[in-house]
Amino acid sequence: MHTGVAKTLVGREHHMTLLSSVMEDLANGRGSVILMQGEPGIGKSALLAAGLAEAAGRGLDVRHGVCDELNQRLPLAVVQQALGDAFASGGQRGDTTADHPASDDAQGHHSARFVTGDPVTAAAEELLVLVDRLCAERPLVLALDDLQWADEATLLVWRRLCRTAAQRPLVLIGACRPVPQRSELDLLRRDVRDHAGTTLTLDRLSDAEVAELARRIAGLAAGPRLLGRLELATGNPLYVREIMDALSRAGALDESGSEAELGPAVPGRSGADPGWAEFERMSLAEAIADRLAFLTAGTRDTLRTAALLGPAFAITDLTVLLGCPAVALTAPVQEAMAAGVLEPADRHRLRFRHGLLRQALYESVPAALRIALHRDAARTLIAQGSSVERVAEVLLAATDAADGWEVDWLLDNAAALARRAPDAATTLLAHALTHTDDHDVRTLGLLAHLASASFRAGHYEQAAHVARRVLTHRCDPEQRGRAAWILGYALLHTGEIEEAMTTAQEVAAGLEPDTKWHARLHVFTGVVLHVLDRGDEAASVAAAALAVGTDLSDAMTIAYARHCLGLTRFDHQDMDGAIDHEMCGIAMTGSDPELVDLRLLMQGNLVSALLNVDRFAQAREVLADARALAERTGAPRLGMFVGHAAEVAFETGCWDDTLTELDAVFAPDYQHTHYPHLTFTAHGIAAVVAAHRDEQGAARHHLAVLKDLTDDPYSKRNLTYYFLARAMVAERSNDLPSAASALREVLDPSYDVMDARASVLPLLVRLALATDDRELADSALACVEAEEARSRLPHVVAARKWCHGLLRSDPALLSEAVDYYRGVGRLAEMAQALEDAADLLAAAGQTDRAREALNDAMLTYTTLGAVWDARRAAARLRVRGVRLGVRGARGRPRTGWEALTDTELKVAELVAGGLSNPDVAEALVLSRRTVETHVSHILAKLEVKSRRDVTGVALAHSS
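Heads up: the sequence shown at position 656 corresponds to 656 in my numbering, and the numbers run straight through without jumps.
Keep in mind that the hints are not guaranteed to be accurate.
Derived SDA-like pairs (lysine to any residue); straight-line CA-CA distance at most 20 Å [as the list claims (entries may be wrong)]:
| # | residue 1 | residue 2 |
| --- | --- | --- |
| 1 | K941 | T895 |
| 2 | K945 | L60 |
| 3 | K707 | S750 |
| 4 | K716 | P668 |
| 5 | K941 | R876 |
| 6 | K906 | K941 |
| 7 | K906 | L955 |
| 8 | K906 | S946 |
| 9 | K941 | R894 |
| 10 | K716 | S750 |
| 11 | K906 | T847 |
| 12 | K945 | R138 |
| 13 | K941 | H195 |
| 14 | K716 | R732 |
| 15 | K945 | E212 |
| 16 | K941 | S958 |
| 17 | K945 | E24 |
| 18 | K945 | Q37 |
| 19 | K945 | L18 |
| 20 | K945 | E137 |
| 21 | K716 | L747 |
| 22 | K945 | G197 |
| 23 | K716 | D663 |
| 24 | K945 | L187 |
| 25 | K707 | A770 |
| 26 | K941 | L955 |
| 27 | K941 | E461 |
| 28 | K906 | D949 |
| 29 | K906 | R620 |
Per label pair, the in silico range of CB-to-CB distance [to be verified]:
| # | residue 1 | residue 2 | range |
| --- | --- | --- | --- |
| 30 | A27 | C324 | 42 to 52 Å |
| 31 | P893 | N734 | 24 to 34 Å |
| 32 | S958 | A782 | 50 to 60 Å |
| 33 | D254 | A372 | 23 to 33 Å |
| 34 | A923 | T198 | 43 to 53 Å |
Hints in this document: simulated from the structure, not taken from any laboratory.
None of these values were measured; they are calculated from a predicted model.
Virtual Cβ for every residue (Gly too), placed ideally from N, Cα, C.
Required output: the full structure, derived from the provided sequences and hints.
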């Protein structure tokens, strides 16, 4: 007696009403998030299926996946399968090598290559983009069942979608059990709560609801003895159903009267035990086993094989494993569906009606036989040319099935698997090595792949260990050079810097001079010398390597040499030289995936050099290219470019854009590990903007975060904004001595390494003069003069003129500084220098010129939203008898169309035009995540709930 899904939805009327409302909202363009929770069998899957059926009936795009405990080793597979054909046609899953093969030397040795970037992060980004594009086509419902078994990357993607579901026509529905308890699920629950999602906890059915469920299943009201037996289910719908079906199969239900009731006692199945004793204590697992026991032996065998393929499977895969035509599966599939074991998943796949059914089938196979079945399944899939991921899924579910036969396949496919799932590749490679020895010619290839995959997965100690093993083998120069390179960089990551250089030198000494890998390892030693602060030696080594690399036409050697030379020029404050070397090096990297990390590193250094000479427009161009590449490849250096983008926006007065960039940094899942000083930059800039805008609570919050980090080794170099914000907050409290004292510390020689120290010194001079501390003001001037002598950077020259002008009461010098800041677009410094110039002019009796300078400053403060600066300037000049000719800065409205920033207005117009977030990002040369933040701000400021609502508001304003 198999019953449909709808019959199990007793007691879930409220839940279905909510789902119907959510689907109606989605049809009108409003997204939301639902998380269903409850014990196994409580009805989560049935409720989910009913909700998805309604969504499909409304013409919505419905995508559904089921997570699997046995297949957690392949990250994101469940999301990719849920998106199905859309994903299959959508891209390369983060494989940066697919379109751009590496140089010829990387093609041999089973293509064991040194490629950086995180393919899982790249695949996650690709999936997020794909969801955006699907939502732009029509409203999307994306559902995942059994989230408790989801891999970490899938949960991270789910959380990111959860936080932004409301800004697109997307409904996310997840279902999970309360156990196993996982911290990632706790974070997901928090995100659902914090972003106005709905958590549905499915409770057990009441006695009345159990009676109603029994009535629906049997078609008759349940009699008292049957209801007494159903108490065993304790209100669990699946348990109720399994007991009812078991009784029906055994002929134990009497449905001849007006009630369904237990029939008269008859002999048990074995013929030995009279009555219904076997049903008196039947557990849920036993009830499920009873259902399966009523299937024919052939159907059970078919289902056991299907269980190897996961919660859902394609008939084509099952025919491959069984070695039979599809027609031969007609009878067993029909029997299994009639028995309530299988049900349709989509047009191409079937799925087990409940995970417990699949689990029972899987565990009913003896372990030894299960391993043999996995082995046969993997071999069959390989013979049929199945994808690397599909074969790996089967092997990872039972690694004992790989007992050496898979080595040749793994050698041919390890590079592709590492590009998709490096952790899975390292697991299978390490296991394969237990079946070979040093006399096996395949061992060296496995080791080479394992070293590369381990490095890519971030397992640097393992990568170093395996690379050392490679070097103990008899290898050709290509293998030795590549292993030494991986070993060297792995040692740099683990802090063993001296050993990294020694290793490179020793291996290079064994290679023929002036050959490719000899030159590469030689330039690597130059990079290490720079890390060791031996800059002159590094430059010498890099110059020699550049000459050899040029003769060999080896892009890798040339690019690394240029990079090293650029670093040494930067250290000597030769920004033009640094820019030239970095640009030449970037050009050499081309599209080689082995040089992606170097390209990104050089682009980061190039942006730093460009910022030092205030070439902001060029810096933005480089950032746009670098961020796109970093997102596409999953590169851990993405944080570096987010920090740079925030700095560019801040220095050029685009403070709202700055804060938007920083919103991503402050997200709870943001990783700073590869850009340690991003924390200092982010909280420092945020504190300064808050202080300018007179948001004292926010400024103090960011300062408190930074105060706990000032002992970090990166702190002295990156605390410019921290010191500036401290002084501003103290000045705002009218505590000028404390404000001056907050900046005095930067004069200590230990802060000679601090980036942009000159930018805080004019403020220190002004505060020192305001507190009659001429000695401190002179010390600040001496400091900026020393900075100028050392660097000759244009903004340092301007800062020195500003300090000189304050000390000499010379507005002409301040005007020179103003002209420079205006020319390069440093709006905040321009306005502050104008304010100081106005004060000097007023003191000299030049009231009209003072008012003109003050008005100019006030207009800029208004543009910036610098409320505190405007109040301070007005108060300073009022004492001098100068009144404002323009209205002082006021804060932007918090809500409404006028509350939108310039960038938000552009984003809103593109959203109104129907563009998805990725398309908006491309049009405005922004990152997709930045656009997400803009859209969230737009929805909040306009007080609307959907992109469709934004379109309505935009059209109203345009008309």
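Hint check:
{"no.": "1", "hint": "K941 to T895", "result": "holds, 4 Å"}
{"no.": "2", "hint": "K945 to L60", "result": "holds, 19 Å"}
{"no.": "3", "hint": "K707 to S750", "result": "holds, 18 Å"}
{"no.": "4", "hint": "K716 to P668", "result": "violated, 26 Å"}
{"no.": "5", "hint": "K941 to R876", "result": "violated, 34 Å"}
{"no.": "6", "hint": "K906 to K941", "result": "holds, 15 Å"}
{"no.": "7", "hint": "K906 to L955", "result": "holds, 13 Å"}
{"no.": "8", "hint": "K906 to S946", "result": "holds, 17 Å"}
{"no.": "9", "hint": "K941 to R894", "result": "holds, 6 Å"}
{"no.": "10", "hint": "K716 to S750", "result": "holds, 8 Å"}
{"no.": "11", "hint": "K906 to T847", "result": "violated, 41 Å"}
{"no.": "12", "hint": "K945 to R138", "result": "holds, 17 Å"}
{"no.": "13", "hint": "K941 to H195", "result": "holds, 16 Å"}
{"no.": "14", "hint": "K716 to R732", "result": "violated, 25 Å"}
{"no.": "15", "hint": "K945 to E212", "result": "violated, 39 Å"}
{"no.": "16", "hint": "K941 to S958", "result": "holds, 18 Å"}
{"no.": "17", "hint": "K945 to E24", "result": "holds, 14 Å"}
{"no.": "18", "hint": "K945 to Q37", "result": "violated, 26 Å"}
{"no.": "19", "hint": "K945 to L18", "result": "holds, 17 Å"}
{"no.": "20", "hint": "K945 to E137", "result": "holds, 19 Å"}
{"no.": "21", "hint": "K716 to L747", "result": "holds, 12 Å"}
{"no.": "22", "hint": "K945 to G197", "result": "holds, 13 Å"}
{"no.": "23", "hint": "K716 to D663", "result": "violated, 24 Å"}
{"no.": "24", "hint": "K945 to L187", "result": "violated, 24 Å"}
{"no.": "25", "hint": "K707 to A770", "result": "violated, 27 Å"}
{"no.": "26", "hint": "K941 to L955", "result": "holds, 16 Å"}
{"no.": "27", "hint": "K941 to E461", "result": "violated, 49 Å"}
{"no.": "28", "hint": "K906 to D949", "result": "holds, 16 Å"}
{"no.": "29", "hint": "K906 to R620", "result": "holds, 18 Å"}
{"no.": "30", "hint": "A27 to C324: 42 to 52 Å", "result": "holds, 44 Å"}
{"no.": "31", "hint": "P893 to N734: 24 to 34 Å", "result": "holds, 29 Å"}
{"no.": "32", "hint": "S958 to A782: 50 to 60 Å", "result": "holds, 57 Å"}
{"no.": "33", "hint": "D254 to A372: 23 to 33 Å", "result": "violated, 46 Å"}
{"no.": "34", "hint": "A923 to T198: 43 to 53 Å", "result": "violated, 34 Å"}
In terms of the numbered hints stated before, the structure departs from hints 4, 5, 11, 14, 15, 18, 23, 24, 25, 27, 33, 34, listed from lowest to highest.
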